[in-house]
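A.B. asks: The listed protein sequences derive, respectively, from chains U and Y. If you're matching positions, the first sequence starts at 563 in our numbering and goes up one per residue. If you're matching positions, the second sequence starts at 6 in our numbering and goes up one per residue.
Just so you know, these hints were derived from the structure itself, not from any lab. Don't be surprised by glycine CBs; every beta carbon is placed ideally from N, CA and C. Among the clues, some could well be false.
[To be verified] Pairs of lysine to any residue, SDA-like flavour, derived with a Cα cap of 20 Å: (1) U/Lys593 / Y/Met191; (2) U/Lys614 / Y/Ala212; (3) U/Lys593 / Y/Ile176; (4) U/Lys614 / Y/Met191; (5) U/Lys593 / Y/Thr194; (6) U/Lys614 / U/Lys593; (7) U/Lys593 / Y/Thr192; (8) U/Lys614 / Y/Thr192; (9) U/Lys614 / Y/Gly193; (10) U/Lys614 / Y/Thr194.
[Claimed, not checked] Covered, in the sense of this in silico footprint (three residues per stretch, anywhere, with C-beta under 8 Å from a C-beta of chain U), are these stretches of chain Y: (11) 155 to 167; (12) 183 to 194; (13) 370 to 380.
[Claimed, not checked] Partner residues aside, some chain Y positions facing chain U, computed with beta carbon under 7 Å: (14) Gln54; (15) Trp69; (16) Leu171; (17) Thr179.
Each chain, written out:
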Amino acid sequence: MLLSALYNYWVVILLMMTGLYMVIAQGNLIKKVIGLNIFQTSVFIFYISVGKVAGGSAPILSQLTTVYSNPLPHVLILTAIVVGIATTALALALILRIRQAYGSVEEQDILAGDGQC
Amino acid sequence: MLTHLPILQVILPLVAAPSCMILQRSRLSWLFTVLVSLAAFVVSALLLQQVMAEGVIRYSLGGWDAPWGIEYRIDALNAWVLFIVTAVSTAVIAAARTSIEAELGASRQTVFYTLYLLCFAGLLGIVATGDVFNVFVFLEISSLSTYALIAMGRDRRALWSAFQYLVLGTIGATFILIGIGFLYMMTGTLNMLDLAERLPAVESSTAVLAAFAFILVGICLKLALFPLHLWLPNAYSNAPSIVTAFLAATATKVALYLLVRFTVTVFGIDFSLSALPLQSLFILLGLAGVFVGSAVAIYQSNIKRMLAYSSVAQIGYMIIGIGISTVVGLQATLLHLFNHALMKAALFLALAGVAYRIGGCSLEQIRGLGRSMPWTMGAIAIGGASLVGMPLTAGFISKWYLIAASIDSGFWPLALLIVAGSLLSAVYVWRLVEAGYLREPQSGQLAAEPGEAPLGLLIPTWILVLANLYFGVETSLPVSVTEMAATYLLGGAP
Chain U
563 MLLSALYNYW
573 VVILLMMTGL
583 YMVIAQGNLI
593 KKVIGLNIFQ
603 TSVFIFYISV
613 GKVAGGSAPI
623 LSQLTTVYSN
633 PLPHVLILTA
643 IVVGIATTAL
653 ALALILRIRQ
663 AYGSVEEQDI
673 LAGDGQC
Chain Y
6 MLTHLPILQV
16 ILPLVAAPSC
26 MILQRSRLSW
36 LFTVLVSLAA
46 FVVSALLLQQ
56 VMAEGVIRYS
66 LGGWDAPWGI
76 EYRIDALNAW
86 VLFIVTAVST
96 AVIAAARTSI
106 EAELGASRQT
116 VFYTLYLLCF
126 AGLLGIVATG
136 DVFNVFVFLE
146 ISSLSTYALI
156 AMGRDRRALW
166 SAFQYLVLGT
176 IGATFILIGI
186 GFLYMMTGTL
196 NMLDLAERLP
206 AVESSTAVLA
216 AFAFILVGIC
226 LKLALFPLHL
236 WLPNAYSNAP
246 SIVTAFLAAT
256 ATKVALYLLV
266 RFTVTVFGID
276 FSLSALPLQS
286 LFILLGLAGV
296 FVGSAVAIYQ
306 SNIKRMLAYS
316 SVAQIGYMII
326 GIGISTVVGL
336 QATLLHLFNH
346 ALMKAALFLA
356 LAGVAYRIGG
366 CSLEQIRGLG
376 RSMPWTMGAI
386 AIGGASLVGM
396 PLTAGFISKW
406 YLIAASIDSG
416 FWPLALLIVA
426 GSLLSAVYVW
436 RLVEAGYLRE
446 PQSGQLAAEP
456 GEAPLGLLIP
466 TWILVLANLY
476 FGVETSLPVS
486 VTEMAATYLL
496 GGAP
């Protein structure tokens, strides 16, 4: 009962932990960014789930329905998605420059290149 | 015009940023940025004056009243932090031209000033807004531009530091976003005041507790509170000198403001202290930050890195003030916020001068600098004295209040530990002074002695240094504002 009723929240937790684990455990910078994306996406799903109202229809004013789902979290998360895209773009641009400067996108090689290993 | 000051504070740099991109000439864009920063400073001074005279200012964006619209709400705390950020930014950017020309090259300067203005707008937005989701948006505006600014450093390590900061910063910001989601889920509002009113009814719920934990960790990541400080030394030491001066003096201060705003206003100090053992947590982490930061700073040979670790230690002091959680403790934190911004900006600007003339700033390289660059080295020495907390400098005042606060609340050992921490900072400051004044210049250095730093850099540096001395003696402005802010925050009369 609990599992099925809160199904999307369990998905959120699963995705969040997967993403966070990838960011921490992966040495490849591209994989880190993918992990970061999964992590952020889980938060998007969380917000969208919060906006759901049982039996509510799409939030477009009409004579036929009285119960609407909450549009505000969707609007908020639209902003967060834009932020996520900007972050990913910046991260990829940085990785490109790192690749040019160090000749590698592996964390180990970069640390070794700077003599910090 | 006067009624629109709160929005003017944020919208001015925000609109100026893309406009700056149109100005193709780098000198012109520098001048433009200085003027915008100066205008923002005037606005913040007017706001501060208005708040001190008339109390809280409320401003509804677009005429939509809260909770429907976004509300900007300026009380003594916001006005104070806005004042600090704009004042330091104006001094730093006025000094920026020569240093940026030398470190960035001709082609990237306009982009630099655009990013700078964006970051500035983001920081001001975080402080001015009274809406928690707005906080997240402005936080990301300032963070994204900060990552790009750091990546502009000369060394390739700047890229790697920027990437590390990007990953940690994004995790921190997303944590805050999750926390805000929980808060909205439980209360149905995003307005800070509404949240403060509705939270007590649901405060026993686990969701609120989870929100608190997520927001706390997220902010502490941004704040570089020990042990979440790992991104800070790399980012500060590899960024362009001007960026370091700006970030050290403003970004962590704004994060600290957020911490105070969330723990004291939104969640309420009673909830914050009872939900987690926050008092002992803050005091212990703060002390750990003070000692670890100072001890590591002593062993650094790169001065920028040394001062970056010292920032970790100074953040520790501010956190201790919040941990004590009395009016005087909070006041000490807010005072140190101001004083630390002054001293770190002065120190990092002086270092920008050193880097400009000598091309680096390791302890080896500044040997004998007291003779060849007396003004710059003097600024470092006085800034350092303020960092240690010597009497007659600004740093002394905030340490004094912090010690008074800990004795007032009966934390005797804490007062002693704070003094011990100051002694540690005296050690690394002494290493600077010793290298600058008592050591002979490195043999085999360039035949020509490096001259004094350019005047454009030296004058703003010395304005900040003199401010350090002035506010070490004449304390009525910071003390009265912070007292008002602290009593208002903890529920006294405004």
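A.B. asks: Hint compliance check: list the failing hint numbers for this structure, sorted ascending.
C.D. replies: Of the numbered hints given earlier, those the structure breaks are 1, 5, 6, 7, 13, 14 and 15, listed in rising order.
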